[in-house]
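Here are the chains, one letter per residue:
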Amino acid sequence: MKASYFPGCSSSEGGAKAYGSSSQAVSKVLDTELVELEDWNCCGSTPYSSFDELTSLALSARNLALAKKKGKDLVTPCSSCYVMLNRTNAYLKQYPKVKAQVDEALAAGGLRYNGTVRVRHLLDVFVNDIGYDAITAKVKKNLAGLKVAAYYGCQVVRPKFGFDHPENPQSLDKLIESLGGEAVSFPLKSRCCGGSLVISEENIALDLSRKLLDSARSNGAECIATVCPLCQTNLDVYQSRVNKKFNTDFKIPILFFTQLMGIAFGLGEKELGFKTNIVSAGKVLAKYA
Amino acid sequence: MEQRKNFVEEISAIPGGEGIRLCIQCGTCTASCPNADKMEYTPSEIIALARAGYRHEVLSSHSMWYCLSCYLCTVRCPRGINPTELMHALESIATKEGLSPHHRTLTPAMYRSFTDFVYSLGSLPELGFMTWYYLLTNPLRGLRLMPVVLSLIRHGRLSVKARRLTPEGTKQLKAIVEKAEALGGAH
Chain A
1 MKASYFPGCS SSEGGAKAYG SSSQAVSKVL DTELVELEDW NCCGSTPYSS FDELTSLALS
61 ARNLALAKKK GKDLVTPCSS CYVMLNRTNA YLKQYPKVKA QVDEALAAGG LRYNGTVRVR
121 HLLDVFVNDI GYDAITAKVK KNLAGLKVAA YYGCQVVRPK FGFDHPENPQ SLDKLIESLG
181 GEAVSFPLKS RCCGGSLVIS EENIALDLSR KLLDSARSNG AECIATVCPL CQTNLDVYQS
241 RVNKKFNTDF KIPILFFTQL MGIAFGLGEK ELGFKTNIVS AGKVLAKYA
Chain B
290 MEQRKNFVEE ISAIPGGEGI RLCIQCGTCT ASCPNADKME YTPSEIIALA RAGYRHEVLS
350 SHSMWYCLSC YLCTVRCPRG INPTELMHAL ESIATKEGLS PHHRTLTPAM YRSFTDFVYS
410 LGSLPELGFM TWYYLLTNPL RGLRLMPVVL SLIRHGRLSV KARRLTPEGT KQLKAIVEKA
470 EALGGAH
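Chains as they are written, first to last, in my numbering: chain A, 1 to 289; chain B, 290 to 476.
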């Protein structure tokens, strides 16, 4: 299978590049080729839509117009890109006036878009197109005994563009089980990590992250698997800040779900980029490496 | 009366803002919001204030800038309102009018730094964005985060170089963005 691929800023050359490389590598094992959309631009994320709605929609629509020419689904591993691109599709359909303006803006760049590119999250493609059995069939090192908290965060399941329940999703839990691991009970699985407010209102974000880490640990998780670059950053990079602020001693590795799949598929450091994880996963994953 | 009507119309004209007319003040959004207790006015209060015409109070409050865009309110609202997008709509009006409460929340400045980079490069170089933001707001706070920055560098997570589009792509994006702004956007 071939799909157009939209890595997003973070997973291409940014802080989550291990997410990008592991997504590519794991997809290859599953006979799926992610062909990077040429010359894509930033989706605009929440900041741009809060700042200037029309421009945000126009720059997001440029990506959709480029993807349209390729005629395939547009797949992204980033929950924010997933929401922004889907939201653009939804708005163009729902608001004819906005569509007319976006069309005019796109035309200034020699592009047109009729709103038919399907935007998918990589997790959706893995569990619904490829399927759990096909994933299990590629497992070389069963993750038996590994206790994982499946963390969805917000935007992969909300608002409802979705392939899973907005408050009690199951797809990542089942994916972990299909690798042989154990998805522990994790009541906060779709609660917010603090998002981009970790930059502007750090105390608020750290408090939300602390609750997640606490819930994961008290349910026996040895690591947390995420499907979003920002969730990974907040829980991993800022874990030391949480410990400092709340006098806690969390040392929970935060893995991109594709890193976990990669370990089970027998892939190496080069593709999976574990050296970029701030809280080392070495000890937890030692018996599977 | 006139003022009240105008503000509701102004909000409704922004995609996602039109739901404001449907609110029944049940408080589900406030009960679901992870940050409701930090806000000057809770989400349901902001809606009530806006509908009562308190334009300045709403736009100069910091409530919407505490929205995490987690969309929990949106999936729970029994009236199908999208309070998350409603918050974004209020943010964009506040930004255009220069009413964002910069002295009480740093989120507007953070969003501004973000959009500046996306506007000029079409991508978001994290190091540049963070540096620019801390220079704009509080360089000392930036310094306090040095241990975090150093750990990012040590783990190879902080790229200095920004991803660039091709010259044609840059030109195309610029034409699209400039046209969108001419049609009613703002920068």
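I should point out that these hints are in silico values taken from the structure, not numbers from a laboratory. Source: prediction; values computed, not measured. It is possible that part of the hints are untrue.
[As the list claims (entries may be wrong)] Cβ-to-Cβ under 8 angstroms is the rule here; a few derived chain A residues that face chain B:
no., residue
1, Tyr-95
2, Phe-161
3, Thr-276
[Claimed, not checked] Think about it this way: if two alpha-carbon atoms lie no more than 25 angstroms apart in a straight line, the pair counts; the simulated DSS-like pairs of lysine-lysine are:
no., chain 1, residue 1, chain 2, residue 2
4, B, Lys-450, A, Lys-245
5, A, Lys-245, A, Lys-141
6, B, Lys-450, A, Lys-17
In this text, a Cβ means the ideal position worked out from N, Cα and C, and glycines have one as well.
The hints, checked one at a time:
1. About 5 angstroms separates the beta-carbon of A/Tyr-95 from the nearest beta-carbon of chain B, less than 8 angstroms, and the hint is met.
2. Because the smallest distance between the Cβ of A/Phe-161 and any Cβ of chain B comes to about 10 angstroms, over 8 angstroms, the interface hint for this residue is violated.
3. About 5 angstroms separates the beta-carbon of A/Thr-276 from the nearest beta-carbon of chain B, less than 8 angstroms, and the hint is met.
4. Our distance criterion of 25 angstroms between C-alpha atoms is broken by B/Lys-450 and A/Lys-245, whose separation comes to about 32 angstroms.
5. Distance check on the hinted pair: A/Lys-245 and A/Lys-141 sit about 38 angstroms apart at the alpha-carbon level, beyond 25 angstroms; violated.
6. Annotation: proposed proximity of B/Lys-450 to A/Lys-17 holds, straight-line Cα distance about 13 angstroms (limit 25 angstroms).
Checked against the numbered hints listed earlier, the structure breaks hints 2, 4 and 5; every other hint is satisfied.
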